[in-house]
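Given the coordinates of chain A, work out where chain B should sit on it, guided by the hints.
Protein sequences appear in the order of chains A and B. Here the first sequence is numbered in this note's numbering, starting from 1 and rising by one per residue. Here the second sequence is numbered in this note's numbering, starting from 1 and rising by one per residue.
Among the hints, erroneous ones may be present.
To be verified - Calculated Cβ distances over 10 Å to all of chain B for the following chain A residues:
1. A26
2. G44
3. V46
4. V118
5. D156
6. N214
7. S294
8. L334
9. A339
Claimed, not checked - Below are the DMTMM-like pairs computed for lysine to aspartate or glutamate, each with C-alpha atoms no more than 25 Å apart in a straight line:
10. K219(B) / D239(B)
11. K168(B) / E215(A)
12. K168(B) / E15(A)
It should be emphasised that the hints constitute simulated quantities derived from the structure, not laboratory data. Bear in mind that the values here come from a model prediction, so they are computed numbers and not experimental data. All C-beta atoms in this analysis are idealised placements derived from N, C-alpha and C, irrespective of residue type, glycine included.
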Amino acid sequence: MADAGAVIAAVRHSEHARHHSLTGFALAFIVLGLLFAAVAAWRGDVFFFRLATEALIFGGLALSVDVLLGYTGMLSLGQALFFGLGAYVSALVLKNVLPSFWLAMAVTLAVATLAGFVAAVISTRARGVYFALITFGLAQVVAKVVFNTPSLGASDGIIGIPVITIDLVAFDVDTANAAAFFLFCLAFVMALYFLCAYLARTPAGRVLAAIRSNEDRVPFLGYPVGLVKVLAFVLAADVAALSGALYPMLRGFVSPELLYFEVSGNAVITVIIGGMGTLIGPLYGSVLIVGLKSVIGSYTTHHLIVIGTLFVFAVIFFPQGLVGYFKPPLERRLAARRAAVRA
Amino acid sequence: MSAAQPRNARGTPTANEAAATSASAHLASDVPLLAVGDLSVRFGALQAVDRVSFAIARGHITSVIGPNGAGKSTLFNLISGAIRPDRGRVLFRGVDVTGRSPNRLLDAGLARSFQITNLFFELPVFENLRLAAQRLEPAWRALLPTQRSAHALRRAEALIARFDLAHKATDAAGSLSHGEQRRLEIAVALATQPGLLLLDEPTQGMSHGDTAQTAALIKSLAGELTILLIEHDVDLVMDLSDHVIVMHQGTKLAEGHPAAVRANPDVQAAYFGEAAVA
Chain A
1 MADAGAVIAA VRHSEHARHH SLTGFALAFI VLGLLFAAVA AWRGDVFFFR
51 LATEALIFGG LALSVDVLLG YTGMLSLGQA LFFGLGAYVS ALVLKNVLPS
101 FWLAMAVTLA VATLAGFVAA VISTRARGVY FALITFGLAQ VVAKVVFNTP
151 SLGASDGIIG IPVITIDLVA FDVDTANAAA FFLFCLAFVM ALYFLCAYLA
201 RTPAGRVLAA IRSNEDRVPF LGYPVGLVKV LAFVLAADVA ALSGALYPML
251 RGFVSPELLY FEVSGNAVIT VIIGGMGTLI GPLYGSVLIV GLKSVIGSYT
301 THHLIVIGTL FVFAVIFFPQ GLVGYFKPPL ERRLAARRAA VRA
Chain B
1 MSAAQPRNAR GTPTANEAAA TSASAHLASD VPLLAVGDLS VRFGALQAVD
51 RVSFAIARGH ITSVIGPNGA GKSTLFNLIS GAIRPDRGRV LFRGVDVTGR
101 SPNRLLDAGL ARSFQITNLF FELPVFENLR LAAQRLEPAW RALLPTQRSA
151 HALRRAEALI ARFDLAHKAT DAAGSLSHGE QRRLEIAVAL ATQPGLLLLD
201 EPTQGMSHGD TAQTAALIKS LAGELTILLI EHDVDLVMDL SDHVIVMHQG
251 TKLAEGHPAA VRANPDVQAA YFGEAAVA
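Isolated chain A (complex conformation) (with noise of 0.2 Å):
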């Protein structure tokens, strides 16, 4: 063959577009993340530090979802299992173990991965609507477990837990400084998406992608597709938990709350109105949603009927969601300036 490697180098071509598009949507939101920093440090806030602390915490678990909804094709209605679980940990942790963020975050991860392998191995037999079903069922029986025991502090959840330092060697963030931890909070969550994004880039990743196209086929490609979305769904078990465990660090208590169906739910629309299969979009969109509540919920109590009407149109008339619409403009950019650098 001539021209051995030119399809390779082509496709490679069509995939450095998607892909730095998407990088690109990530790096303008660190770069949003930073301004919104500076112009809040400088008006000396402490509110919008921790409400946005707070969209980039649910950030974090609306990108567990779009592990397995965008790639994976698997809808859970109960991701917000393993968000309360790894808040509760961490709670759990901080209160009356040792006040260590990096023992609360081994602790988180080291449960959230057992649970989220016990779940996985209950809820991935089934597909679609049972799955969907499944996952709700698991996170609803947790809940009321957690609501009915005392010694997690029942229906009033856990306070009083206390403010830490996280040690990052070079320096310290003390979480009660707001600047400080949202900063951090943005480093921690936006290390999740790079882990997610170079995941899904490499063929493991790829193998996510083939189980949500025609996962029957899969299998004559000798993949073992029952493992394969068991580690997928530990993977976002783990993102959603770890993000979770930020939670009472911000707040300084959690609640059953936590646990409930509305933040499972919420996290599904936030995928959906930042960019399904974008992995960025979330982040994208929990800003949005968590900036949507708070702004609309000062002057209203029924916010949720604002949310739900918001989300119907955004369904409707951006159904690749934020990202998902803008990305193909910038994709073609990037790929016109990619072929003008090389001519």
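This is chain B only, laid out in the frame that chain A set:
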């Protein structure tokens, strides 16, 4: 080249010898690549496959023919692990693989294509092939960037050229024409580098031109691997095959050299009826 000529590069019996001997003697020299014994499965009241036994030799193209409902596709599903048999055994390279899952069968070297095109329609054509070729890489490379799996990339590129789909490499598989999708269907199964390839009606719904091109492709594969083929087009089967198995109402009616099978009166009655009279 016609199938009546011997294909004897590996010292396997020539087609003429095969025609002259019985099916079992034909396989006596070596452990057959694939052997099925007494294979049976029932769907409710229907005995879809009924005590079917045969063996196929390395390097041959063996075809399964039979009228609609004869149990050909069910036989494929039994061999490829898509469904489990009620009784009987499947031996691959002499090892009992009955009831193994499709991915474990592929690890052993048995791949298949589908009668109804079964691709990753949303993914690019190249990506369909790369996914299939990835199993040639060690498992740990699955967590490195895709570009590091150079062997899989080269395999995908070689196949995309061989199956004349290079100009569509970055297009979604779903956007291809029917004939192109059928070619990709074969190429994806082939990309896994199997020792035995099961092709379920590879030319299904193809135009005459596409059928001839695909037949030439299948023929060109014969030196590289063993092929078991389901096909409706009798002329194509007679031209391509070293060995033909005739299915009828779930049972094996006959097997042997294409010419011998065509001459068999039972087969003529069951299958070639109209063609033989005309």
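Comparing the hints with the structure gives:
1. A26: With a cut-off of 10 Å, A26(A) remains clear of chain B, as the shortest Cβ separation is near 17 Å.
2. G44: 44 Å, holds
3. V46: 41 Å, holds
4. V118: 23 Å, holds
5. D156: 43 Å, holds
6. N214: With a cut-off of 10 Å, N214(A) comes too close to chain B, as the shortest Cβ separation is near 5 Å.
7. S294: Holds, since 37 Å exceeds 10 Å.
8. L334: Non-interface label on L334(A) holds, nearest chain B Cβ at 15 Å vs cutoff 10 Å.
9. A339: 14 Å, holds
10. K219(B) / D239(B): 9 Å, holds
11. K168(B) / E215(A): 23 Å, holds
12. K168(B) / E15(A): 14 Å, holds
In the structure shown, a violation is registered for the earlier hint numbered 6 alone.
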